[in-house]
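Everything in the sequence shown is counted per UniProt numbering, starting at 1 for the first residue and increasing by one.
Please keep in mind that the hints were generated in silico from the structure rather than gathered at the bench. What you are looking at is a predicted structure, and each value in this text was computed from that prediction instead of being measured. Misleading hints may appear alongside valid ones.
[Stated by the list, open to error] Think about it this way: if two alpha-carbon atoms lie no more than 20 Å apart in a straight line, the pair counts; the simulated SDA-like pairs of lysine to any residue are:
{"hint": "1", "residue 1": "K49", "residue 2": "V59"}
{"hint": "2", "residue 1": "K67", "residue 2": "A36"}
{"hint": "3", "residue 1": "K26", "residue 2": "K41"}
{"hint": "4", "residue 1": "K67", "residue 2": "N96"}
{"hint": "5", "residue 1": "K49", "residue 2": "F75"}
{"hint": "6", "residue 1": "K26", "residue 2": "V87"}
{"hint": "7", "residue 1": "K41", "residue 2": "G121"}
{"hint": "8", "residue 1": "K26", "residue 2": "D65"}
{"hint": "9", "residue 1": "K48", "residue 2": "N78"}
{"hint": "10", "residue 1": "K41", "residue 2": "L18"}
{"hint": "11", "residue 1": "K49", "residue 2": "T74"}
{"hint": "12", "residue 1": "K67", "residue 2": "D89"}
{"hint": "13", "residue 1": "K26", "residue 2": "L119"}
{"hint": "14", "residue 1": "K67", "residue 2": "V87"}
{"hint": "15", "residue 1": "K26", "residue 2": "A84"}
{"hint": "16", "residue 1": "K49", "residue 2": "A84"}
{"hint": "17", "residue 1": "K41", "residue 2": "F57"}
{"hint": "18", "residue 1": "K26", "residue 2": "V59"}
{"hint": "19", "residue 1": "K41", "residue 2": "Y86"}
{"hint": "20", "residue 1": "K41", "residue 2": "A84"}
{"hint": "21", "residue 1": "K41", "residue 2": "E79"}
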Amino acid sequence: MPDILYYVPGAIGVFLLLLGAFHGWKLRSLSRHCTAYGTGKVLGFVEKKMRSNTLYFPVIEFTVDGKIYRSQSTFGDNEWEFEAGYVTDFRYNPDNPNDVYLYNSREIRYQYISTACILIGGLIFIGTYYVRF
1 MPDILYYVPG AIGVFLLLLG AFHGWKLRSL SRHCTAYGTG KVLGFVEKKM
51 RSNTLYFPVI EFTVDGKIYR SQSTFGDNEW EFEAGYVTDF RYNPDNPNDV
101 YLYNSREIRY QYISTACILI GGLIFIGTYY VRF
């Protein structure tokens, strides 16, 4: 019977695979459902403190069909290209305008690189410890 530590790299690998899959699914879901383009004002940022840094989630105010919406981005970053008071372009879900996607200056395919790195990391953890050549 292998020691319990034998299973730790596998558990880390599976966790990374699940995390990468979730991140990719969330990004794809937002970019696919948020098809309407809009312009809104950045009201500020909601801060979420992490262990190593702080993530900032922009809060956008915009108008759709005469109704004012305030929505917080579901993706945070440690720095954004804009600040409070800035008017920015974004995409939103026409069926639910509270779903917003603040695409940044990078193309969408480049935004999937972080997802790919997480998935590759998971495969490396699993492959290094459990695949015998």
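Consistency of the hints with the structure:
1. K49 x V59: holds (17 Å)
2. K67 x A36: holds (15 Å)
3. K26 x K41: Given that 20 Å is the threshold and the Cα spacing comes to 24 Å, the pair is violated.
4. K67 x N96: Holds, at roughly 12 Å.
5. K49 x F75: Holds - the C-alpha atoms of F75 and K49 are around 14 Å apart, at most 20 Å.
6. K26 x V87: Given that 20 Å is the threshold and the Cα spacing comes to 25 Å, the pair is violated.
7. K41 x G121: violated (37 Å)
8. K26 x D65: violated (27 Å)
9. K48 x N78: holds (10 Å)
10. K41 x L18: Measuring from Cα to Cα gives roughly 35 Å; hence the hint is violated.
11. K49 x T74: Within the cut-off at roughly 15 Å; holds.
12. K67 x D89: Status holds; Cα separation ~18 Å.
13. K26 x L119: holds (14 Å)
14. K67 x V87: With a Cα-Cα distance of about 18 Å, the restraint between K67 and V87 holds, given a limit of 20 Å.
15. K26 x A84: Not satisfied, since the Cα-Cα distance of roughly 25 Å exceeds 20 Å.
16. K49 x A84: holds (19 Å)
17. K41 x F57: Within the cut-off at roughly 14 Å; holds.
18. K26 x V59: holds (19 Å)
19. K41 x Y86: Holds, because 6 Å separates the two Cα atoms, which is no more than 20 Å.
20. K41 x A84: holds (8 Å)
21. K41 x E79: holds (17 Å)
Hint violations for this structure: numbers 3, 6, 7, 8, 10 and 15, all remaining hints satisfied.
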